[in-house]
Amino acid sequence: VDSPDGMLWLREQGDRFVLGGAWNSSSWKIDSAPAPVDPAFTTFLEERQWIVNLTELTLNPGSYPSLIVPDWITRPERAWLIVPLLHHEWLLGFLVLGHPRVTRDLNWEDYDLLKTIGRQAASYLAEHQAARALAESRQFDQFNKRFAFVIHDIKNLASQPSLITANAEKFKGNPEFVDDMVVTVRETVDKMS
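FYI, in this note's numbering the residues of the sequence shown are 1383 to 1575.
A hint or two may mislead.
Computed beta-carbon distance windows for the label pairs [said to hold, decoys possible]: (1) Arg1430 - Phe1522: 46 to 54 angstroms; (2) Arg1528 - Ser1448: 50 to 58 angstroms; (3) Asn1442 - Leu1516: 41 to 49 angstroms; (4) Val1383 - Arg1430: 43 to 51 angstroms.
PhoX-like mimics (lysine-lysine), calculated; alpha carbons at most 25 angstroms apart, straight line [said to hold, decoys possible]: (5) Lys1537 - Lys1552; (6) Lys1573 - Lys1527; (7) Lys1537 - Lys1573; (8) Lys1537 - Lys1527.
Worth flagging that the hints you see were computed from the coordinates, not collected in a lab. Built from N, CA and C at the ideal position, the CB exists for glycine as well.
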């Protein structure tokens, strides 16, 4: 659609979105911190599955009934189109595209193409998020295994002084016990170090 700039917003938690990417949009001066939106906005995009033309919305608000676009989306003068990224009817995020350099009217084919692109992009983003979650899960699993190994060693080290103290009163006069106790304590300290 000849848009020279744009931004990708991804759903973070509930109805909060975070800047996931930007293209030629340094002049937009957008804060990349997670931004909340009115649930009516996400509901509109999920239920209607429409491409929102912000110019059309300004000229004819009745063409988008019950749509409440957050100020932080419409604040940049370059903002032109909102393309929902729907994955299995769930709003994963949205694109905000900038105005083309030459004014251009969109027809139904343009809107259908943008819907298709939005769905395709959403499927790739969902796959990427799932792969990242799986990788994090595997890292967590590796950490758990290593931590379990360390805990096992600590329990073994703790059991040795416990046995010494349990038998010390009974065998403290036995020189062999004292020698074994010194060796055991030294080995325990070496392992702990």
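Hints and how they fare:
no., hint, in the structure
1, Arg1430 - Phe1522: 46 to 54 angstroms, "violated (39 angstroms)"
2, Arg1528 - Ser1448: 50 to 58 angstroms, "holds (53 angstroms)"
3, Asn1442 - Leu1516: 41 to 49 angstroms, "holds (45 angstroms)"
4, Val1383 - Arg1430: 43 to 51 angstroms, "violated (19 angstroms)"
5, Lys1537 - Lys1552, "holds (24 angstroms)"
6, Lys1573 - Lys1527, "holds (20 angstroms)"
7, Lys1537 - Lys1573, "holds (12 angstroms)"
8, Lys1537 - Lys1527, "holds (15 angstroms)"
When each numbered hint is compared with the structure, violations occur for hints 1 and 4.
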